[in-house]
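> Here's the letter readout for the chains.
There are 2 protein chains.
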Amino acid sequence: MVGQRKPTSFDIAQLAGVSQPTVSRALRGSPSVSAATRARIQAIAKTLNYTVDRAASNLRSGQTRTLALLLFRDPSPGRTLINPFFLGMLGSIMESCAEVGYDLLVSFQNVENDWQADYEDSHRADGLILLGYGDYADYREQLDQLVARGTHFVRWGSVAPGQPGLTIGCDNHAGALAATRHLIAQGRTRIAFLGDATDHYPEFHDRYRGYCDALAEAGLACDPMLQVGAISSEEAGERAARALLARGVTFDGIMAASDLIALAAMRVLAEAGRRVPADVSVVGFDDIPAASFAHPPLSTVVQDAAAAGRLLVRALLAEISGKPRTATLLPATLVVRGSSVRP
Amino acid sequence: MVGQRKPTSFDIAQLAGVSQPTVSRALRGSPSVSAATRARIQAIAKTLNYTVDRAASNLRSGQTRTLALLLFRDPSPGRTLINPFFLGMLGSIMESCAEVGYDLLVSFQNVENDWQADYEDSHRADGLILLGYGDYADYREQLDQLVARGTHFVRWGSVAPGQPGLTIGCDNHAGALAATRHLIAQGRTRIAFLGDATDHYPEFHDRYRGYCDALAEAGLACDPMLQVGAISSEEAGERAARALLARGVTFDGIMAASDLIALAAMRVLAEAGRRVPADVSVVGFDDIPAASFAHPPLSTVVQDAAAAGRLLVRALLAEISGKPRTATLLPATLVVRGSSVRP
DNA sequence: GGCCGCATTGAATACGTATGCGGGTTGATT
DNA sequence: AATCAACCCGCATACGTATTCAATGCGGCC
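So the sequence lines, in the order shown, correspond to chains A and B.
With UniProt numbering as the guide, the letters of the first sequence map in order to residues 1 to 343.
With UniProt numbering as the guide, the letters of the second sequence map in order to residues 1 to 343.
Among the clues, some could well be false.
Which residues of chain A face chain B? A partial, calculated answer using Cβ under 7 Å [stated by the list, open to error]:
1. Leu87
2. Phe108
3. Glu271
4. Ala272
Note that these hints are calculated values from the structure, not bench results.
Yeah, the Cβ is synthetic: ideal placement off N, Cα and C, and Gly gets one too.
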């Protein structure tokens, strides 16, 4: 069995008494093959365990029926684990690709480096899905290059006008707004924001604006002493929380730009003897799996990862087939758990 | 820029004043091309943004420089999330693939269905990595088929003699042995095992044997009333824990076959008013991210996911290149956190 | 000086499929 | 009965690269 040469469409053609092109058309579902011939060919293909050679098919057709998923990782001293939120999205992306009959190629990319975005040029994939909280300063240039080269791609990120390429994201502003309103409704007035607030991280920036707007609504000032920068990682969250404590400002609430930051902050607070939620109410963003296991369970803003993944794949396929698509905003909804509700 | 035809090796050849084969050789590092020519060709390739067409390259060479990762998912009513432990391994596999210059194709597979293992036959990948706690009864047959078709693959699972293909796994028996010894050292004598104990799930079976051996060492009986079957999911863990409580047997320790089971059990125990670890000591297996965030933090058996991923990739490459490899056992080490230590 | 060997390169070709185009057959229409 | 369209199918070919084989030039050695 092992020594057998892999069957080709010629083998099937011979057995079926037709020509090779007919086999190709039959298996591919071309309407110009009669039902009888098609059935015969399919039967033979099945008995021979024939599968279309993707390499040859890709070469001839110019299509790979493969999408590439590029996961951006922030450059950190130690090897940073990938953000769990994006891992969650991965599942739904895999699922969606399978549904539409596409393969999925995945790889890490470091934002800083020139990432090898030659997946499409080298005919390894028909399009790209970009995922990650990247530093937009580094990022932007590369996106422009992708656009210039005519690469098909979609990106999960902050949906704003004037951005290169097709972006899909959740309503970061509305999510943070709702979360901060919730904190205010709990009677909190000194609410800190842990996370980068510059436009280097547009998604965090949107969340920060939502936070500020909620404060403004309530007539509260947006105190810069209550904002500490951090990217989305436990280490950064820990540093930020410590920095906040070190400033000596009083605070009774924390709006964290991501769950990883929030969870790290809760840990630091516990060590410092601040009780959550008795002394401080905490809300995160993303709803990673660990959020509901935390103690107390973390209130957070849920992004619908399943819907997001599906939408990314659909949008990319539309883009590839030439249909113009516009940026899409997914809802972000607050889920209240134990970390924010005042006893 | 967009309308430009993608450059081929012929374009480079013409510009460099050489033939196409020389370009191919130069870019691929063949020793039979002079250093001067190589440098010239590489320079031209760079300015043209040339990348080798993988489709053509794959077709001609018969190699794809791509590995496929198949994640097995237990068939569940609702859509089961993928086991976080395997997600952790995914990162290290991605990393290892990148290091050796291979692409990684990922996809879900349902154990029950005939999974489309035609990745290698259809020239989409050079080999397969199989990941998942599969039901071995369904699984076995498919593995035999892979072997029969001469497909290159490695599998993460229970390392035991007589299994088809190349298996790499952690020392499930030793891990469970250490964990159960630890429970006994805490003075626990009525220790339950939550997880399948049949050979349908060989890894769980190995863990169960470790559990039993530890009990035997201490002169404790292995009471079947203290074992409840469960696959690795929160739902199954919850059902198992409730079933255990419903039996009305006394118990003061739980050895869970996986962290998902353990975390679900801790939740059920809390609802039932049993305190962890005061009344019941709990230990899990896998060390998924949520384990350390749980309350109390979950003691568990750590599998080195990073090493595992690296090893899987390396072993598969060796297998592909024809070097015989033998099954490998990775260590599993107990990490003690709050859920098991008696106050 | 002729022959041999090494170092480079070119010519030719094969990998297996998908598709434009034209040819043949059939049945229906005038 | 002649024309025509619809329907199926085969011929030829192209996709871009990697590899086999032969050819060339060159220096060295007997």
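> Closer than 7 Å between Cβ atoms is the bar; does Phe108 (chain A) clear it against chain B? Give me holds or violated.
Holds, about 6 Å.
> Does Leu87 (chain A) hold up as a contact with chain B if the rule is Cβ-Cβ below 7 Å?
holds, 5 Å
> Was the hint right that Ala272 (chain A) lines chain B, CB cutoff 7 Å?
violated, 18 Å
> May I ask you to test the interface hint for Glu271 (chain A) with respect to chain B, counting a Cβ-Cβ separation under 7 Å as satisfied?
Cβ of Glu271 (chain A) sits 14 Å from chain B, so the hint is violated.
Violated hints for the displayed structure, listed by number in ascending order: 3, 4.
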